[in-house]
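Asks: So the chains spell out like this:
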Amino acid sequence: MYELREGEFRNISGCAISGIFSRSGNRFSGRRIIDSMKVMHERSNGLGGGFAAYGIYPEYKEFYALHVFYDDTQARKDCESFIDAHFDIINLSRIPTRKTPAITDEPLIWRYFVAPLPTRLAESQLDEKEYTVRCVFAINTSIKGAYVVSGGKNMGVFKAVGYPEDVGEFYKLEEYEGYCFTAHGRYPTNTPGWWGGAHPFSLLDHSVVHNGEISSYDANRRAIEMYGYKCTLQTDTEVITYIIDFLHRRKGLSFKEVCSVMAAPFWSTIEAMPEDDRNELIYLRSTFSSQLITGPFSIIVGFEGGIMALNDRLKLRSMVVGEKDEMVYIASEEAAIRVIQNDLDRIRAPKGGECVMFTVDKGDE
Amino acid sequence: MPVDYLYPEYEVIRNYDRCINCRVCERQCANEVHEFPENAGKMVCDSSKCVNCHRCVALCPTKALKIVKSDHTFKHNANWSGKAITEIYKQAGTGGVLLSSMGNPENYPIYFDKMLINASQVTNPSIDPLREPMETRTYLGSKPKEIRRDQDGRLINTLPPQIKLSMPIMFSAMSYGSISYNAHESLARAAQELGILYNTGEGGLHESLYKYGQNTIVQVASGRFGVHKEYLGSGAAIEIKMGQGAKPGIGGHLPGTKIGGDISRTRMIPEGSDAISPAPHHDIYSIEDLRQLVFSLKEATEYQKPVIVKIAAVHNVSAIASGIARSGADIIAIDGFRGGTGAAPTRIRDNVGIPIELALASVDSRLRSEGIRDNVSIIAAGSIRSSSDIVKAIALGADCIYIGTSALLALGCHLCRSCQTGKCNWGIATQREDLVKRLNPEIGTVRLVNLLTAWQHEIKEMMGGMGINSIESLRGNRSMLRGTGLNERELEILGIKHAGE
Chain D
2 MYELREGEFR NISGCAISGI FSRSGNRFSG RRIIDSMKVM HERSNGLGGG FAAYGIYPEY
62 KEFYALHVFY DDTQARKDCE SFIDAHFDII NLSRIPTRKT PAITDEPLIW RYFVAPLPTR
122 LAESQLDEKE YTVRCVFAIN TSIKGAYVVS GGKNMGVFKA VGYPEDVGEF YKLEEYEGYC
182 FTAHGRYPTN TPGWWGGAHP FSLLDHSVVH NGEISSYDAN RRAIEMYGYK CTLQTDTEVI
242 TYIIDFLHRR KGLSFKEVCS VMAAPFWSTI EAMPEDDRNE LIYLRSTFSS QLITGPFSII
302 VGFEGGIMAL NDRLKLRSMV VGEKDEMVYI ASEEAAIRVI QNDLDRIRAP KGGECVMFTV
362 DKGDE
Chain V
335 MPVDYLYPEY EVIRNYDRCI NCRVCERQCA NEVHEFPENA GKMVCDSSKC VNCHRCVALC
395 PTKALKIVKS DHTFKHNANW SGKAITEIYK QAGTGGVLLS SMGNPENYPI YFDKMLINAS
455 QVTNPSIDPL REPMETRTYL GSKPKEIRRD QDGRLINTLP PQIKLSMPIM FSAMSYGSIS
515 YNAHESLARA AQELGILYNT GEGGLHESLY KYGQNTIVQV ASGRFGVHKE YLGSGAAIEI
575 KMGQGAKPGI GGHLPGTKIG GDISRTRMIP EGSDAISPAP HHDIYSIEDL RQLVFSLKEA
635 TEYQKPVIVK IAAVHNVSAI ASGIARSGAD IIAIDGFRGG TGAAPTRIRD NVGIPIELAL
695 ASVDSRLRSE GIRDNVSIIA AGSIRSSSDI VKAIALGADC IYIGTSALLA LGCHLCRSCQ
755 TGKCNWGIAT QREDLVKRLN PEIGTVRLVN LLTAWQHEIK EMMGGMGINS IESLRGNRSM
815 LRGTGLNERE LEILGIKHAG E
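Protein chains in written order, with this note's numbering: chain D, 2 to 366; chain V, 335 to 835.
Treat the hints loosely; a few may be bogus.
[Stated by the list, open to error] Derived coverage of chain V by chain D (criterion: at least 3 residues anywhere in the stretch with Cβ under 8 angstroms from a Cβ of chain D; other residues may be distant):
no., stretch
1, 452–458
2, 795–806
3, 810–822
[As the list claims (entries may be wrong)] Partner residues are not named here, just some residues of chain V that face chain D (Cβ under 8 angstroms, in silico):
no., residue
4, R488
5, Q496
6, K545
7, R707
Treat the hints as calculated values from the structure; they're not laboratory data. Even glycine gets a Cβ: it sits at the ideal position worked out from N, Cα and C.
Construct the complete structure from the given sequences, taking the supplied hints into account.
Replies: Shown next, in the form of structure tokens:
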């Protein structure tokens with residue numbers, strides 16, 4: 002029987018998310034994020050888990066790191082000839098994995114460090130990032146059996162069908178060192194059976210893990226598709242990632258402004274603000290009304306040099322933020338923080354719509 | 335000719351045990367159905383004059399009257415209906431075009447009734463509008479093309495002029511002339527109280543209603559009646575009427591008998607002369623001409639007012655809308671084939687145009703596929719009958735809807751569809767002073783405010799049920815709709831799935 006793949010139906014899910022970030026940019030092992038996720042085992046159901054890791058490829062930090070799933074060797078051949086035609090391939094290899102009984106049916110998993118071919122880039126009249134984004138979309142939508150999991154610089158996404166802690170073991174995540182890790186455990190209401198459908202979802206260096214089910218999905222999807230994005234997976238996380246990319250990279254909004262669009266304050270709150278702030282928020286809400294997200298969500302966004310977290314405007318999903326010295330911990334449950342750092346300087350539950358952001362250089366904003 | 339005698343479609347039934355000969359019915363009926371002949375000693379009536387407006391029924395103090403459909407019939411014929419036969423008799427007798435009023439009453443599909451709305455269960459919570467904020471505020475207008483900042487990095491307001499509404503509902507264009515002053519005043523006052531807008535229609539704006547300007551859309555139609563600089567500047571927005579759902583492709587005709595003192599002054603035409611709006615605007619024979627009118631109006635109002643272009647839903651509506659979205663217009667209003675009118679040729683009203691649900695879905699999809707949906711807001715019109723119709727229209731892609739018939743019903747209209755006679759017993763579609771004064775603007779305002787307040791509550795309940803707490807997240811959110819009994823093609827055009835999928 003033909004099995005429906007992620008993207009061919011709308012798959013809604015509950016989830017666990019976690020993130021660890023070093024404000025001084027110190028690198029630490031992926032072991033800690035696995036331990037954090039393990040505590041929240043009950044929030045997943047074994048149908049998807051994954052990690053995004055930042056700062057893990059310092060020796061290749063100038064190059065886009067493409068993590069790619071292949072169904073078969075034909076897909077790999079097709080995809081590699083496409084990559085070869087559009088990029089200089091600096092290095093390529095299989096991503097190392099270890100056999101674990103809990104993880105089965107793995108695809109071929111490859112990694113490429115690449116730089117856009119200067120001639121092709123100039124020909125396209127696009128900037129380097131947009132060029133790379135379009136190439137990734139081209140692979141994901143037109144090369145059968147190939148799927149780019151992530152394509153940012155000095156970062157990568159590791160995901161699979163399984164419980165997150167098993168996925169971490171499978172990818173030997175403890176052998177990677179980075180300044181930021183985010184993670185996701187999935188509780189989908191359908192059986193995806195396809196690794197590409199697990200989370201985090203990423204575009205360039207932005208990765209998103211998300212817990213919730215947004216009620217604005219189709220409004221958001223139909224709006225973002227107008228700007229050239231293709232929602233092939235039909236998941237909330239995918240559309241949220243595109244909204245962030247659109248607002249931040251393409252429209253130049255700060256992350257704080259992005260938060261005021263996605264989880265906009267209520268009109269009654271806006272009316273009570275000082276004039277400058279009020280005008281700015283009325284402007285943002287009316288201009289980007291189609292990027293407002295309603296319904297429950299908590300998200301952690303990883304990006305180059307920083308981490309951001311956001312709850313929906315009514316805070317319909319749990320999320321806590323803990324800090325200890327230069328380390329920041331964000332998770333669906335406090336227990337997932339305490340298990341890796343019980344001695345915290347402070348811990349709090351951010352308000353609905355509050356932009357929580359930390360960066361390596363400047364600390365929190 | 336005896337053949338011209340048509341037995342009335344409706345009969346007035348009087349219960350003589352209850353009738354006290356108070357003659358209220360006689361005084362209330364502008365159609366002169368009832369009379370009290372001295373020699374008869376009792377009320378008699380001529381059902382052939384009755385339009386079935388229920389005025390006498392509603393005012394009879396002893397509840398002695400009712401109107402029933404006549405059981406008089408032609409010999410049954412599945413092809414030649416009684417209606418088809420009588421219309422031929424009428425035209426053979428008069429040589430005239432058949433006239434009708436209000437929206438198309440024929441048995442075409444009503445897609446709103448074949449779509450169902452979603453609600454949250456388990457995986458995400460519904461939201462209780464009595465306990466949590468539930469936002470229906472709507473801005474209409476074009477979206478900025480680029481984000482700009484000052485040297486301190488603060489955002490510069492590049493937002494083109496917008497219409498701000500407390501809920502995504504406005505009163506659609508009904509001209510002073512086609513409806514009474516008291517009806518207009520009721521709409522204006524209700525719009526102000528509700529924080530929404532009403533629309534002058536093509537008859538200009540009575541000078542004493544200028545004070546409601548912030549809640550007024552001033553219309554510019556092909557006849558340009560009552561259009562001058564002060565008029566254009568008096569409203570919150572300007573609407574160019576290219577077409578009307580009830581009569582696509584033709585203009586309007588307000589008979590000279592309705593052009594009395596005030597209306598003549600407001601329309602700027604001589605008393606007693608017919609007000610005939612041409613079928614096209616004679617300065618708009620193509621899309622580039624429309625662009626010039628849009629910008630003429632913007633120049634005249636110093637780019638302070640959004641410009642709406644209203645079109646009838648016709649076959650290639652999405653291509654037309656796509657042209658309008660590139661014409662400089664800020665908002666497109668689409669009027670479906672069920673939309674009302676004060677008078678239209680029956681054949682046109684009943685056979686020209688397409689359903690608003692299909693037109694709206696098709697326009698929204700088309701503008702998105704061309705990447706120009708942000709250029710304009712969309713207003714859907716043409717028989718919005720309830721709050722659930724509104725929720726469905728917004729989920730299909732409308733920013734806002736217009737109501738006309740629903741608003742008139744709130745004012746007392748009984749949909750007798752006889753506006754063209756000018757003898758509206760409810761004081762709405764008439765200029766006869768004794769009839770107009772039957773509509774009290776105070777009460778009219780309260781009833782309109784009641785209706786929309788109730789609808790707003792219902793919209794919030796349905797939004798909350800879907801887990802949506804702001805109206806913009808419902809807009810174009812077609813996964814919140816499912817079809818029932820629709821074929822694949824219809825579902826594809828509406829962009830929705832079938833129930834059960």
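Asks: If a hint holds in the structure, say so; if it does not, say that too.
Replies: A quick look at each hint next to the structure:
no., hint, in the structure
1, 452–458, "holds (count 3)"
2, 795–806, "holds (count 6)"
3, 810–822, "holds (count 5)"
4, R488, "7 angstroms, holds"
5, Q496, "6 angstroms, holds"
6, K545, "25 angstroms, violated"
7, R707, "6 angstroms, holds"
Consistency with the previously given hints fails for number 6 only.
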